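Undergrad: Chains as they are written, first to last, in my numbering: chain A, 393 to 1361; chain B, 826 to 1424.
Possibly wrong hints are sitting among the right ones.
As the list claims (entries may be wrong) - Distance windows between CB atoms, simulated:
1) A:555 / B:1274: 26 to 34 Å
2) B:1276 / A:555: 49 to 57 Å
3) A:600 / B:933: 21 to 29 Å
To be verified - The list that follows gives simulated cross-link-like pairs (lysine-lysine, DSS-like), each with its CA atoms no further than 30 Å apart:
4) B:1127 / A:872
5) A:515 / B:1286
6) B:1130 / B:1048
7) B:951 / B:1127
8) B:1127 / A:888
Claimed, not checked - Not everything, but these chain B residues come out facing chain A in the computed CB check (under 7 Å):
9) 1018
10) 1082
11) 1087
12) 1191
13) 1194
These aren't lab readings, by the way, just hints derived from the structure by calculation.
Fair warning: this is a prediction, and the values are worked out from it, not measured in the lab.
Cβ coordinates follow ideal geometry from the N, Cα and C atoms, glycine included.
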Amino acid sequence: MAAHLKKRVYEEFTKVVQQQHEDLSAKKLRLTKPSKSAALHVDLCKATSPADALQYLLQFARKPVEVESVEGVVRILLEHYYKENDASVRLKIASLLGLLSKTAGFSPDCIMDDAINTLQNEKSHQVLAQLLDTLLVIGTKLTENPSVRMRLVEVACKHLTDSSHGVRNKCLQLIGCLGPVEKGVAKEAESQAAKDVQKIIGDHFNDQDPRVRTAAIKAMLQLHERGLKLQQAIYSQACKLLADDYEQVRSAAVQLIWVLSQLYPESIVPIPSSNEEIRLVDDAFGKICHMVSDGSWVVRVQAAKLLGSMQQVSSHFLEQTLDKKLMSDLRRKRTAHERAKELYSSGEFSSGRKWGDDAPKEEIDTGAVNLIESGACGAFVHGLEDEMYEVRIAAVEALCMLAQSSPSFAEKCLDFLVDMFNDEIEEVRLQSIHTMRKISNNITLREDQLDTVLAVLEDSSRDIREALHELLCCTNVSTKEGIHLALVELLKNLTKYPTDRESIWKCLKFLGSRHPTLVLPLVPELLSTHPFFDTPEPDMDDPAYIAVLVLIFNAAKSCPTMPALFSDHTFRHYAYLRDSLSHLVPPLRLPGRKLVSSPVSPSITPHEDPSQQFLHQSLERVYNLQHLDPQGIQELLEFTIRDLQRLGELQSELAGMADFTATYLQCQLLLIKALQEKLWNVAAPLYLKQNALASAAAKQILEETYKMEFMYSGVESRQVVIIHHMRLQAKALQLIVTARTTRGVEPLFGMCEKFLQEVDSFQRCFISELPHMQGSFVDKLLDLMPRLVTSKPSEVVKILQTTLRQSTFLHLPLPEQLHRATANIIEPTGESDNPLRFTSGLVVALDVDATLEHVQDPQGTVKVQVLYPDGQAQLIHPKPADFRNPGPGRHRLITQVYLSHTAWTEPCQIEVRLLLAYNSNRSKASAKIPKSTWSESLEALPQSENGIEGTIPLSKPVKVYIMPKPARR
Amino acid sequence: LSFFCLGPGAGQDVGRSCILVSIAGKNVMLDCGMHMGYNDDRRFPDFSYITQNGRLTDFLDCVIISHFHLDHCGALPYFSEMVGYDGPIYMTHPTKAICPILLEDYRKITVDKKGETNFFTSQMIKDCMKKVVAVHLHQTVQVDEELEIKAYYAGHVLGAAMFQIKVGCESVVYTGDYNMTPDRHLGAAWIDKCRPDLLISESTYATTIRDSKRCRERDFLKKVHETVERGGKVLIPVFALGRAQELCILLETFWERMNLKAPIYFSTGLTEKANHYYKLFITWTNQKIRKTFVQRNMFEFKHIKAFDRAFADNPGPMVVFATPGMLHAGQSLQIFRKWAGNEKNMVIMPGYCVQGTVGHKILSGQRKLEMEGRQILEVKMQVEYMSFSAHADAKGIMQLIRQAEPRNVLLVHGEAKKMEFLKQKIEQEFHVSCYMPANGETATIFTNPSIPVDISLGLLKRETAIGLLPDAKKPKLMHGTLIMKDNSFRLVSPEQALKELGLTEHQLRFTCRVHIQDPRKEHETVLRVYNHLKGVLKDYSVQHLPDGSITVESILIQATAHSEDQGTKVLLVSWTYQDEELGSYLTSLLKKGLPQSTS
């Protein structure tokens, strides 16, 4: 019986599982191996024409070859190689050799000699190149072996004089990938060829073929990547290559120059045609800047990108990049930026420009004007004005990186960045706003700049507006007019786009707390208070008014004199807002009011965190008291769970941890409770009610384990084992309950079989973790496994029951960081009383806006569920593009959900909620085990216990009032 | 071989571009423009200059038009139909499409409005256009067997192109007008490293380096936006083509971005037609428009509608583009008169205004204008000036020169004084000679034409195999025989040449005697010489033959005792003509004598 069972288990495995395939069908493999190479041999011998042979080879290449048979196949191929007259067939064989030596687990050193030998008599350049490529593959597989590398490099050097560019190309590639990197090895090897790879490669910088030149530079870069210190002498050679006719050469040369400038930043190089000398990094910087106005955009992008990472460059060179001397009819002209600055400093602001306002001033000495500077002059000015947006983006990124390291440069590039806010391509605009945010620590915005920045608030793109809000959160503004301007513009934005409410409030919160002294003089005006008259009380629900209050309250936090300016209703509004929007309104020290929580939190957090301690203590308490009487354990668990839940509410940073453990304890509690049931003692069918309780418990545990596994980010494999173990216990419980309540043994067969499969797969997946699980359910179960396999279902159930009772409670280790995935639907708010009316049978689009936190890979997992009143549920997969990523661990889902229904007589509410779909394929455990086994076995399970298969509710449901009207005739 | 750059029109002057180039015996006319400032014969180039007698068609091989502005193509019907030219005329597709519209418009104004006679007719424009051959960008067109032309993108206006004209290995690049900075609707001019013998470049802004375009655009948009928000009306007088489209795109995208609702109008007629062509030639526009056109053609304006006379009196804010650009007549002036009285309104002049026009007056600050019929118009509306120009500035010109790497530069289409400055700069920074001929002046440029020679493959392979590494740029010495026969050059190996010409080979040997003071015996001397040479010439094969002579490669050295003086040995050095270099080196080496310390 059991033997039958086992056989069936294996049968199933062979059907679906790949891993099994390997160990089980080893015999089969041995059978096929000789036949495979033999078949190839026969085929090739049969081939009458080269075209035929080529066809056979092509067919052969489609099928994978097993590790053991690789060598044999290679021998046969080589044999044919020598016989073959047609170059194309030899070429294919050569490429096949390369493919075969890539086979995992095969060590190609045995075929290396043959491969090198083939090179000797080869006439066709293409085949030669392909053979060298094969050697490269072999070489990269045998990197640890210096003598092999030596030999290959020697071979490559020999073929460097070949007249075909392809062969030289491959040779250089080979040298680049395999050339000796360590000095020591070079000394040992007496062979002169490998003496100086750098020189050999360097000689090919002047090759007549641009492709070879490119390959030479790439090989050099490859050597650098592998850790060889390039010689400084290459620098002058590389500089010459910058003027090459071919863009790929120039592009690679720019990279090489950059590498050298990073290696020897401080060495001195002479400036040609003068006696002066400058630092190498400055010189390289100048040269790369020059390439920003290259003819090819690929080179321009490359150059602009690299500029960003040259941080050692001296500041006056750096500042030149933003410099462009204007002139008109040979007279010096000021740039618009300079004029704006002057206007600002002279106290005048924003006068309309008249004709001739930009009239040129002083005469320029014609000799002094240098139209094309060899230096860095105006590189960024050019880059930012480039035709291709790729170049512009690269330039903005480079600006960002340079500005982050140099505050003075940040100040200077501000004008240019602000200009980029008006770029025609949205990506560029967005990028420049982000850049500005990143460097905002170093800068203070002038009023005229702020003006331009704020103008973008009216942009119709939500991303741009939100990026700008983020930017305003961390900007420094210099004057109170600036703050006022910002507020006015933000309020304008609010009226134009009411959906931006949250983000604007948040922005004002930071704006207020950053500039308390600037807000202070504005308070009377903003609150429209009057020294003598009482003004009407503003409407508390007005988002604009709330925005103003958010600004003021946050400023008041560090400005104790401010509350004196508040009128009575302001205090009342404060109390209201402090409660309703506590994340935006800080606790204030108001006269006549006691402060409850503020002194507590800041004083203790620095040293040992008591709440953390508390968490660990309470957990230890639970784990230590293993052998208390059942009642005691239950009570203790209940208390601890309650404590943990409360802790999670109080301490947001520990919420994930506390919830996670509470859930685990809850599972344990349920399990204990279920096992305490009386039903175990009495004849089965009598206690239907209790039985319901036990099976409900099993279901709930299953559900909770899925939540634990998939809803928390930061769960490690140690936790996953425990979770799976708990799930296994729940399944055992389910099995027992079913066994108790159903008559007859037939249905039990299937269940037992499945359960045993699961135990088996558990063992395979977590074999490394098993030693840590002594005394646990699974540990005992595995001891009994031989018995289980051979016994009848009823016996199995009995054994399970006892082991379940006897097994100990596993200690759940806590990971460093644990966050619970949460989601919050912002739109729709669910407050509207106006039903969304649409004609039945047609669709209506519902805007959904939600924030997600700590959700990994939301594009794949987050779904929107719509529940209609008739119980019909609809699952919508949002497009990947609907997710934005504003910060680490945070995501924003902005999407449209299409609703449709047949006509209703009156409006009704539908529920919208977010779900987290999980799939056992993506299980964290499966990352380290062969994928298929685990997933296949799990998929076979009936998983429909949850409301919707494979999903966990992620957010609270939001009700939306809709009304499908019957279509009018 | 020389080039003649003859300027019937342009040269050191703006307007009336017309250049004649003679390249390797081919005559090409570049552009055929008119001068806007004149109304008499001077407006067209003097074509009698080209050939005193004889037909133009016989003299000119082709005519190339760079773009559709009238100062580059205005005289074309006059030239082809009235003076008489039947050869091919080359221009790009958009130019071919738009050019006749402009010519027709021009004709209407001169003939119908000003009542001139003896001017070309509509039929003439049509006939002229039949002679036009349209070219694509980067398409090499063979005009005849030797002459080929190729167009490059030039920015400036839709369809503007730079042309490379090539005869054999000599080439000229003519830029026409071009723009090196991209704008809202067109990209930047681009050329590959074609290394022409001569680059003919415009130099309108020879002494100007312009500020970033972004500031100007931002200012423009801000002003328009503010006025519209105030409820005011904005008038933008424009010319029908070029800038008008750029400003339209600018406003259209801004409206789109900022979600504005105020209407924008566009005067009908010519501009509408032109917009149609912009819609068609989307490949000639910039990256953004090209990329987004799959979703929406940017020239299918969402916010910009055609203008109707009655709209001018509508209340509320609006923006109107109206022609002509200098407020001297037509619709723009009408609207200006209606709106001038309200200080909420604004007029933005996007370009230069000629003296005497209303545009010029208001820009120079005049607030009270005298209109026809002694009316006094008080201007209360705001007047703004924005310059949007699509010519390359000094930096742009330099950049183009850097890209193309010409051997000579010739500047046209600019003012003499400004050109002088740029010329000096070009010569100083690129070390190429630069010319700037005046009107009617001829510049002759001498080139070093390279002459192609056929080489036999066997010889090439053999010779390249001798050197160590083939070097890309350095000239390489080769031995071979040059055969000049039937107007073709061939380089073949000497053996083959001999065979072909039926000659027998003669060998030329040089023999030289070197006297050496050496008292020892002959064979000892030989041995010493051998050791010495072996020590010095490490890279050559030095052999001591059994008959007592030495060979260095193919050079033979024999030693005999001097007949009179036994202490003096005579070394006989003999080499063939081919080994002249090594042979003379050897003799000089031996003449220095042998080193004393020999063992």
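Undergrad: Hint by hint, which ones does the structure fall short of?
TA: 2, 3, 4, 7, 11, 12 and 13
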